[in-house]
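Student: Chains as they are written, first to last, in our numbering: chain E, 15 to 785; chain P, 12 to 761.
Treat the hints with caution; some may be incorrect.
One-sided excerpt, in silico: chain P residues whose CB lies under 7 Å from chain E [said to hold, decoys possible]:
no., residue
1, 276
2, 633
3, 634
Here are the computed lysine-lysine pairs in the DSSO-like style, where the Cα-Cα straight-line distance is at most 30 Å [to be verified]:
no., chain 1, residue 1, chain 2, residue 2
4, E, 651, P, 577
5, P, 428, P, 536
6, P, 446, P, 505
7, P, 446, E, 651
8, E, 651, P, 428
It should be emphasised that the hints constitute simulated quantities derived from the structure, not laboratory data.
As the structure is a prediction and not an experimental result, all values here were calculated from the model.
C-beta atoms are modelled at their ideal positions from N, C-alpha and C, and glycine is treated no differently.
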Amino acid sequence: MLGFLQRPVVVTADINLNVVALTAVGLLSRLWQLAYPRAVVFDEVYYGQYISFYMKRIFFFDGSGPPFGHMLLALGGYLGGFDGNFLWNRIGAEYSTNVPVWSLRLLPALAGALSVPMAYQIVWELGFSHCAAVGAALLILIENALITQSRLMLLESALIFFNLLAVLSYLKFSNSQKHGPFSPSWWFWLVLTGVACACAVGIKYVGVFTYLLVLGVAAVHAWHLIGDQTLSNVRVLCHLLARAVALLVIPVLVYLLFFYVHLLVLCRSGPHDQIMSSAFQASLEGGLARITQGQPLEVAYGSQVTLKNAFGQPVPCWLHSHQSTYPVIYENGRGSSHQQQVTCYPFKDVNNWWIVKDPGRHQLVVNNPPRPVRHGDVVQLVHGMTTRLLNTHDVAAPLSPHSQEVSCYIDYNVSMPAQNLWRLDIVNRESDTDVWKTILSEVRFVHVNTSAILKLSGAPLPDWGFRQLEVVGEQLSRGYHGSTVWSVEEHRYGRSQEQKERELELHSPTQTDVSRNLSFMARFSELQWRMLTVRSDDSEHKYSSTPLDWVMLDTNIAYWLHPRTSAQIHLLGNIVIWASASLATLVYALLFIWYLFRRRRRVCDLPEDCWLRWALAGALCAGGWAVNYVPFFMMEKTLFLYHYLPALTFQILLLPVVLEHISDHLCRYGALAATPPWGYGSRGVLNGDSSVMQMGLGSQARLCRGSEDEANEGCRERKVADVHGRWGRPFGPGERQEQREGEGNVGRDPEQPVARGRTAWCMAEINQEAL
Amino acid sequence: MPPAVGGGLAGSELRPRRGRCGSQAARAVGPDVATEATARSPKRPAPSSRRFEAPGRWALLALVTLMSFATRFHRLDQPPHICWDETHFGKMGSYYINRTFFFDVHPPLGKMLIGLAGHLSGYDGTFLFQKPGDEYEHHSYLGMRGFCAFLGALLIPFAYLTVLELSQSLPAALLTAALLTFDTGCLTLSQYILLDPILMFFIMAAMLSMVKYNSCANRPFSAPWWLWLSLTGVNLAGALGVKFVGLFIILQVGWNTVSDLWHLFGDLSLSMVTVGKHLTARILCLIVLPLALYTATYAVHFMVLNRSGPGDGFFSSAFQARLSGNNLHNASIPEHLAYGSVITVKSARMAVGYLHSHGHLYPEGIGARQQQVTTYLHKDYNNLWIIKKHNTNSDPLDPSLPVEFVRHGDVIRLEHKETSRNLHSHYHEAPLTRKHYQVTGYGINGTGDSNDFWRIEVVNRKFGNRIKVLRSRIRLIHLVTGCVLGSSGKVLPKWGWEQLEVTCTPYLKETLNSIWNVEDHINPKLPNISLDVLQPSFPEIMLEAHMVMIRGNNGLKPKDNEFTSKPWHWPINYQGLRFSGINDTDFRVYLLGNPVVWWLNLLSIALYLLSGSIFAVALQRGARLPAEVEGLSQVLLQGGGQLLLGWMMHYFPFFLMGRILYFHHYFPAMLFSSMLTGLLWDILLRLCAWSLASFSLAGHVHTLGILSLLLGIAYSFYLFHPLAYGMVGPLAQDPRSPMAGLRWLESWDF
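Please take these sequences and the hints and turn them into a complete structure.
Tutor: Listed below in structure tokens is the structure:
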């Protein structure tokens, strides 16, 4: 109980001054004069409007990425007390005094600043020296493209931060695997990996590539774990489950959480509502919800409705008709029925109202009690303002000659009978007797005579159709498609039998009081789906570039120009860093292939732990560069230089790694050329086959090939631990003294018998070929 | 070892290898395990049964081939009208017979073979192949259909042999053959004049030869080894020569070769020289040989098609000069541009056409009200422009003046010949592309202002060079605004006669939109040279043909609001394709996989992934498996792995494709998936039999299982065969229809 009285209270703190110093200079470089310029710089004009929406809690739709990044920026605004009142309309506009520029730019800047010590940590955790680690951090620190990007309200620095965090925490996790699996720190880093991955994906979809890379590395490590026969089956299972939960389940949950918060915050209707379905809009305050509140739920005979097409492309629109008729002869010489036009109209209009009529009766009002319309019922649709009936017949549609024309029927007495019966098909019904519901039901109208389906073709009609969108009857309906599905948006029970009164009624706004709440998952899946499928028109931009321009920095972006003083901000990298990082990647690739080929011929230039460290560094740094760069070649959107920055960060990390490797190993071989090689190996190292030696960097290569006498000694029984003993000695003047356990050789079993054959242990390690 | 499972047909999967080439399975197990297994196995196949084995195998192969040919050639002549894409590929076959030049997005080999088959079978190329449903009447079409059916029928023996080689098990091979023989989809696709049977033939042939040469790995550089290796190369060239989808099988063979070489490289008993020999052999047979053959098909293609035809407009001016009947053929025009030359300027982008102007103004409200400048696809007097010096208006054609050539970097003025207005641009937004500047015709009789000045530049040239007709790729840069003349490719509304918009783009990036070349060139003061000098060399033609094909393929985009087939529809057999007929009075053929086969395939992939990962984890955990199971697991992981890889290679890339997709794109993948099914069920049943070995009837589990699968598949084919062989009468909703009750999914429309 009172143990603390018997022993002195000791607090031991390990403070790595390197990290502290790096953090300090990182902060200094990113935060200095952060509020300058007090003007909208480049894409701030784009993200700023979303910050304003968050501040005003107005729903918006942005297809460019998930909401976490926008929310981070908005958090800065929230902390700075921004009220959202600023018109983000052009680059270079001066900020008004109510915009807290400093706090808006603070979070991206902090993310950029913290990337500096993280670079240090990553290189250190990869098993390289402090010197290399400091080098990596300094390179990140002085890379001006990263500085520029971090100091503005942009998302890249946060993306880079979480990418690095994911890699770093995975490394910490896998390094703690050896001494303390299932310890608190082990769990912490594992879970943090998953969370960081989710954050990266939540900022931009490209974060998914880093996530996949981490997953891939984790999978390889897990595979070695499975092969570790010292662990019991149950323990292996626990390991796998823990990884699955932390790296698969948690990221999904965190990602959903972003959307949950996003939808929770944005509860008011706004300018982008129309992209979403009626049901979604009804869940927002104001807007459609105000109109649709208090609407009767079940559509009945005599209901007045507006019908919205579910596809929403090219624009969301409502079924519409008006007095004008189809021209007798089209421009291309085909004829029409000359009946009243039916179109789809993207604006609210009194001509969007239709009345659901029972074909057997004449009345256009709702009975008391109302008779609901059910799936499979045959109805007529009466256009409210003209009281003509929706009709289709075997006449080619104006723009889609393979489909039927849809019209409001006018009897010209030309032996063209009215065909105005439609069977109601509720697509999302739960049973075959479902009632047609406002907003919730997705319905198709199947023409009784021709079995054509009412469909939005999406083609804009010529001038005679007022550029409204064409609606057709599609006879060969092939499966479900959004353009054939309609939903009731506004709805009320018709009260007036007289046409004059009815017109007045149609002009009056609908009444209102139940709000229909969609579940979170329904709202999430709709929003996510629309975000993924929305097509942005591919716009040219003066500063857009192609991925090939990036590697050698053949492009730049002018971010800002002061209108009077010509002060400027440009996004431009440090060419020395870019070129040398690219060179390092190339050198790495060549060296890696070289080592790999030589190992295949049983020539091990590197000791095993060194090789594993080298491979893991490559997988994460060169791999991180590749996965963040190569996919851009396949993207069709407009690309800019800043898209390359995440890839560049990983590439920069590789540079000190390669340099240290060269100075430790390759330069060492050069020095060794003067001294007899067998001074280093143990006995018999050079008894190898001469053909093997020919391919080496020189005969002084350390051959890890087993020799004859080893085989005689019973090579099969050699322990790998023995090998470690052999290579475990420090072997370079610049070698650091802390001999850390080889990274990645997770679960190597000292008791494991080595594979058969005279080339014994090297083969066993090659078979392990860990990252 | 299970006693004589497989009804005496199969024997043991671990039997010591026979014949010249050993089994891959046995090799995979490794010599130690194999000998161990044979030593431990209590029963060895009796010598007498072995004697009958070889003839038995041949008889089975013959039976499989016979069945396959019988099903493919049955009612081949029905329907006697054009079905579906026959209208394209039959037409292209005719083009070869008529030697007229055409353009298609696929490489030429498949259509050449169709043309050849037609030619040999007496088809004279006179049928028009206008639209699906047209009757063939007296034209001989059976030769072409027969050729495709022949190749389609060979798929089944190929699949049979491949599975036999991979699994060394006759029941597995038989099951595969049955799956493919009785699949209505494969059957339908093989019976018409299409590229797919030809493509699948080459894919399967490449796969078979690859597997065969893998089996010969223990006797490298022997005659059969060389044979199979080079056959693989030949078939790869064939597959790529028919459709670019052939690239996937090339990737698969490439992957196999790389891992094979990696294996050899790690084998220390081989000297580097031997490894080098191996590498060289593969480079020769798998890279050099296919490339040579592929190039040869193009050589033949361009040699055969030497007449002007519907494909001319897709190609550049220089290319068209090769085609007899084209107005550029044998034409002779001055080679270098000079001031005073009358020229036409063509956009380098496909299907954009010539720089054009006419005496109509831009309408009110759209930029400045000046004369329209557009691009126009057809040849016309309004396409003619005169090159003038920017600062003088004297007639350069005056014979007293010396000829002055236009050089790279010169500032010029382009005067429209018919209306005498200058090509002009200014800071007004273009009619459709709002970010670009408007281009107009301006000035009276050649007198305008400084906005008429353009700097002419040749792409990738130094200053001062002359500009060549046809060959030089030029850009026109507006001197005042610094923008580049380009075509946006957008169609103008009616006021612009639905010609294409021309703009001046301020974005100076080098795209095809802003690159032009001079096509016609009239200048009486210059000597004419024959265009033959300018004719592109064969590599240039190859390159251009590929560029045009790739662009054509990318251009096949699905339209909005159109129901299109998605890759995820395919394996579940969600929806078929109408080959012929819609209404109940028509002769209807519907391309749809036999649902029993397809859903079994789908199930098998899931089962394979499950059982494969169980075995892989067990091996990785170091579990000691009994010898029989070990052998089976090796076949499952190695042979099955290759097939699974084939399925993935031929399926997943479609998810990344932007072009419009159709159901029949899945069929190459379906072949691999059927082979996997055959291999998997054989192994699963053997495992069942092995685990039930203590029961007396265990030996029959395998036989019974295979037999019931075979019968079930055959019966489902009996049910669904009208889809392929054609049906007349009411649609499937009607109980009197032959297909009544068989419309298992709403989305099938037959």
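Student: Hint by hint, which ones does the structure fall short of?
Tutor: Hint check: 3 and 8 fail, others pass.
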